[in-house]
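Chain U is already provided as a structure; the job is to place chain Z on it using the hints.
Chains as they are written, first to last, in my numbering: chain U, 1 to 68; chain Z, 1 to 182.
Quick caveat, the hints were computed from the structure, so don't treat them as lab data. Keep in mind that a hint or two might mislead.
Claimed, not checked - Below, a list of computed lysine-lysine pairs in the DSS-like style, where the Cα atoms sit at most 25 Å apart:
1. U:Lys41 with Z:Lys103
2. U:Lys39 with Z:Lys2
3. U:Lys13 with U:Lys36
4. Z:Lys128 with Z:Lys139
5. U:Lys53 with U:Lys13
6. U:Lys39 with U:Lys15
7. U:Lys24 with U:Lys39
8. Z:Lys169 with Z:Lys93
9. Z:Lys2 with Z:Lys94
10. U:Lys53 with U:Lys24
11. Z:Lys169 with U:Lys41
12. U:Lys39 with Z:Lys169
What the hints assert, rightly or not - Partner residues are not named here, just some residues of chain U that face chain Z (Cβ under 10 Å, in silico):
13. Ala12
14. Leu27
15. Asn31
16. Leu32
17. Ile34
18. Leu35
19. Lys39
20. Lys41
21. Ala42
22. Ile43
23. Arg44
24. Thr47
Beta carbons are placed, not taken as given, at the ideal position from N, Cα and C, and that holds for glycine.
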Amino acid sequence: MPIVVNLDVMMAKRKMSLNELSEKVGLTLSNLSILKTGKAKAIRFSTLEAICKVLDCQPADILEYREG
Amino acid sequence: MKITTQQMMNILQVLAWIIFVGVCIEAGGFIFNTFFTLAINPIDAGHFWPGVDLSGLYGWDRGYFIIETVLMCIVAILRCWIFWLIVKLLHDKKLDLYQPFNKEMGRFITRISWLALLTGLFSWWGAKYAEWFVQRGVKMPELQYLRIGGADVWLFMGVILYVIAQIFKRGIEIQSENELTV
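Pulled out of the complex, with its shape left as it was, chain U reads as follows:
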């Protein structure tokens, strides 16, 4: 899929662990893992909103379109 999830990059920038993010966002670890590994097929606006709020970033910092 040409949509790349850069969640791990943002997490590294904010020095936040997956457990911490999971607690703050209110998502299960398995769902966050699906998102982080790029297996997710869709993301809810509410989830994106919560992640952006916790990581203090924009949706474009997390999602990226890459050709090929």
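Showing chain Z alone in chain U's frame:
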């Protein structure tokens, strides 16, 4: 007393096993009697199966006897296959009522639909042959005794199941998308 879905499934499993054993005996009988008649004793054509006297056909033409019995055997084997798949599905507990749209169920319905279509096709072929023999003055038993009756029902079931299988495919996609939505 309320019958639960699980109890219903158990009853269906027992019924499927009984029918499967029955159709297996029938298919085995047809195959054995075909070989026995052709290779050992032609008189066996007279009492091929309860209610099935194929001595007229055997006496008229041995080749057509082979064609008709092979068609009967194919239909019987296909029926065995269908019931084997049903028994296997119920026995392996692959029918998940909480998440029914899984790949296993999709494959099951597609296979059953193809098998039903094939059963209908071969039954229709055998029935048309039997009609043709009767027109030529050959004494033939009723189609229901030859176990090749109801071709239209099999074809109808095959088409309906094929349509359901296509809808199921979409259901699997939607369920997988739903599971992978974060």
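Does the alpha-carbon distance linking Lys53 (chain U) and Lys13 (chain U) stay inside the 25 Å limit? holds, 15 Å
Given the hinted pair Lys39 (chain U) and Lys15 (chain U), is their alpha-carbon gap at most 25 Å? Measuring from Cα to Cα gives roughly 23 Å; hence the hint holds.
Can we keep the Lys41 (chain U) interface hint, with Cβ of chain Z closer than 10 Å? holds, 4 Å
25 Å Cα cutoff - pair Lys13 (chain U), Lys36 (chain U): holds, 15 Å
Does the interface hint hold: is Ile34 (chain U) within less than 10 Å of chain Z, judged Cβ to Cβ? Constraint on Ile34 (chain U) satisfied, holds at 6 Å.
Hint validity - Lys39 (chain U) Cβ closer than 10 Å to any chain Z Cβ: holds, 6 Å
Would the hint linking Lys2 (chain Z) and Lys94 (chain Z) be met if the CA-CA limit is 25 Å? holds, 24 Å
Straight-line alpha-carbon gap Lys53 (chain U) to Lys24 (chain U), limit 25 Å: Between Lys53 (chain U) and Lys24 (chain U) the Cα gap is close to 10 Å, so the pair holds against 25 Å.
Under 10 Å, Cβ to Cβ, is where Leu27 (chain U) needs to be relative to chain Z, so tell me if that hint holds or is violated. holds, 7 Å
A closest beta-carbon separation below 10 Å is what the hint needs, so does Leu35 (chain U) meet it against chain Z? Status holds, d = 5 Å.
Would you check the hint for Lys39 (chain U) and Lys169 (chain Z), treating anything up to 25 Å between C-alpha atoms as holding? Given pair Lys39 (chain U), Lys169 (chain Z) holds - Cα atoms ~20 Å apart, limit 25 Å.
Can Thr47 (chain U) be said to touch chain Z, with a Cβ gap under 10 Å? Interface hint status for Thr47 (chain U): holds (5 Å vs cutoff 10 Å).
This entry does not satisfy hints 2 and 13, going by the numbered hints stated previously.
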